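Q: The lines below spell out each chain.
There are 2 protein chains.
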Amino acid sequence: MAKNAKNIKKGLVIVNTGNGKGKTTAALGVMTRAWGRGMKVAVVQFLKNENARYGEIRAAEKMGIDWYATGDGWTWKSKDMDETTARAVAAWELAQQKITDGGYDLIILDEFTYPLKYGWLDTDEVLGWLAANKPPMLHLIITGRYAPPALVDFADLVTEMREIKHPYREQGIRAQAGIEF
Amino acid sequence: MAKNAKNIKKGLVIVNTGNGKGKTTAALGVMTRAWGRGMKVAVVQFLKNENARYGEIRAAEKMGIDWYATGDGWTWKSKDMDETTARAVAAWELAQQKITDGGYDLIILDEFTYPLKYGWLDTDEVLGWLAANKPPMLHLIITGRYAPPALVDFADLVTEMREIKHPYREQGIRAQAGIEF
Numbered sequence: 001m002a003k004n005a006k007n008i009k010k011g012l013v014i015v016n017t018g019n020g021k022g023k024t025t026a027a028l029g030v031m032t033r034a035w036g037r038g039m040k041v042a043v044v045q046f047l048k049n050e051n052a053r054y055g056e057i058r059a060a061e062k063m064g065i066d067w068y069a070t071g072d073g074w075t076w077k078s079k080d081m082d083e084t085t086a087r088a089v090a091a092w093e094l095a096q097q098k099i100t101d102g103g104y105d106l107i108i109l110d111e112f113t114y115p116l117k118y119g120w121l122d123t124d125e126v127l128g129w130l131a132a133n134k135p136p137m138l139h140l141i142i143t144g145r146y147a148p149p150a151l152v153d154f155a156d157l158v159t160e161m162r163e164i165k166h167p168y169r170e171q172g173i174r175a176q177a178g179i180e181f
Numbered sequence: 001m002a003k004n005a006k007n008i009k010k011g012l013v014i015v016n017t018g019n020g021k022g023k024t025t026a027a028l029g030v031m032t033r034a035w036g037r038g039m040k041v042a043v044v045q046f047l048k049n050e051n052a053r054y055g056e057i058r059a060a061e062k063m064g065i066d067w068y069a070t071g072d073g074w075t076w077k078s079k080d081m082d083e084t085t086a087r088a089v090a091a092w093e094l095a096q097q098k099i100t101d102g103g104y105d106l107i108i109l110d111e112f113t114y115p116l117k118y119g120w121l122d123t124d125e126v127l128g129w130l131a132a133n134k135p136p137m138l139h140l141i142i143t144g145r146y147a148p149p150a151l152v153d154f155a156d157l158v159t160e161m162r163e164i165k166h167p168y169r170e171q172g173i174r175a176q177a178g179i180e181f
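So the protein lines, in turn, are chains Y and Z. Every letter in the first sequence is one number past the one before it in my numbering, and letter 151, counting from 1, is 151. Every letter in the second sequence is one number past the one before it in my numbering, and letter 84, counting from 1, is 84.
Hints may be right or wrong, so weigh each one.
Same chains, same label: a pair holds when it works inside one copy or across any pair of copies.
Stated by the list, open to error - Using 25 Å as the maximum straight-line C-alpha spacing, the simulated DMTMM-like pairs for lysine to aspartate or glutamate come out as follows: (1) Lys98 / Asp122; (2) Lys98 / Glu163; (3) Lys117 / Glu83; (4) Lys62 / Glu163; (5) Lys10 / Asp66; (6) Lys40 / Glu61; (7) Lys98 / Asp153; (8) Lys62 / Asp153; (9) Lys117 / Glu163; (10) Lys40 / Glu93; (11) Lys98 / Glu125; (12) Lys165 / Asp124; (13) Lys10 / Asp124; (14) Lys165 / Asp66; (15) Lys10 / Asp101; (16) Lys98 / Glu61; (17) Lys62 / Glu180; (18) Lys134 / Asp105; (19) Lys62 / Asp101; (20) Lys117 / Glu93; (21) Lys62 / Glu83; (22) Lys165 / Asp105; (23) Lys9 / Asp82; (24) Lys10 / Glu61; (25) Lys62 / Asp105.
Everything labelled a hint here was simulated from the structure, so no lab data went into it. Predicted model, so just to flag it, every value in this text is computed and none were measured.
Here chain Y stands alone, though its shape is the one from the complex (with noise of 0.2 Å):
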C-alpha cells in the first residue's frame, strides 16, 4: 500500500482489457460475489446478441439481476454503421440512466471499450460525464478489448488478460457451452 493510504472506502471504476479470456467472465465474478453480499446488480451488455441464451443471461435470470443487451452482435462488421452507432449511442443512454437512477451497487458495461475504440461514443464526453454523474459508492465495470488510454487514466482498477495459450487455435476445441458463454 502507498505511504499516502487512506484506506478510502469508494465505489470504484474497474476495467478489465486485453486479448486473452476472462474480461466479462471476470465481470461476472465480482457480479456473483456482490449478488452473495445481497448487493443490487446491472449488467448492460454493448455488443452481445439480446436473442442468445448465454449461460450468464440464464444465471442472472435466475439470480434476480437485471440484464439488458443491447447489442446487435459482433457490430463492428456491419456494413450499417448509422444503425450501429444509434445502438450504441441507446444503449449508453440507457446505461447513464441505470447509473444514476437505478439505486445499484454494481453496474457492468461488458463490452463498452467497443462502442468507444470504434468512435460510437465519445471517449471524452463519456468519461466526463461519468466524472460529473456516477454516484460515488457505485462500482463500475467496463470489459472488452482496447480499452483507450483515457478510460484507463481514468479507472481506478485495470487488468489486461493476455492470451498465452487457447485451445481454439492450437487444438480446434470449439468453444464450450457453460464454460464459454
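Since the structure of chain Y is already known, use the hints to place chain Z on it.
A: Below, chain Z alone, put in the same frame as chain Y:
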C-alpha cells in the same frame, strides 16, 4: 482456428495465472455461467480461510454449489510447514475424490498453483494423476500465481491476468466487500 481444427468437444483444463486481479474472479464467472446452464459445479479452495464469509461463498450457498474451503489462510507464511503440507495433501485428496466420484461438469481448484509452486504437492505426480483420472468431459479450472510450466503445458487454455493499475498502491483504496472478496 487452426487448419487441423476438429471441432472437438471435451472437458477443458483452464489456468488463470499472473499477478493481476481476476484469476479467482474469472473462475467464479465460469461457475456462474455453468450454473446458469444447470451444470453441476464444485469449488475446492486450497488457501483461503474456511471461516471467511466472502461474497463468493455466500453466493455459492445461495446457488447450491458445492464449496470446499480447505486452506488455513495464506499458509506459505506459516512457520509450521509440516501442517501446511498436510493440509495441501488433504485438500488434494478431497479434490481427487470430487474429480473421480463427484459427477461434476466443472470443478474449480482455486489457488491450486501455490501447493505446486511451493512443493507441498509434486507437480508431475498431480499432472500424471489428472491425465489418468480426469473424466474426459469434466472441465477443470486452476487459479493462482506462478503456474508451473508443466501445468501450462498440460492445460488447454491459459490466461495471464496482468496488473496494469491497482487502486491500493496508487490511491490507498482498501479492498471493497462484494467486489474483491
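Q: Which numbered hints turn out to be false for this structure?
A: 2, 4, 8, 14, 21, 23 and 24
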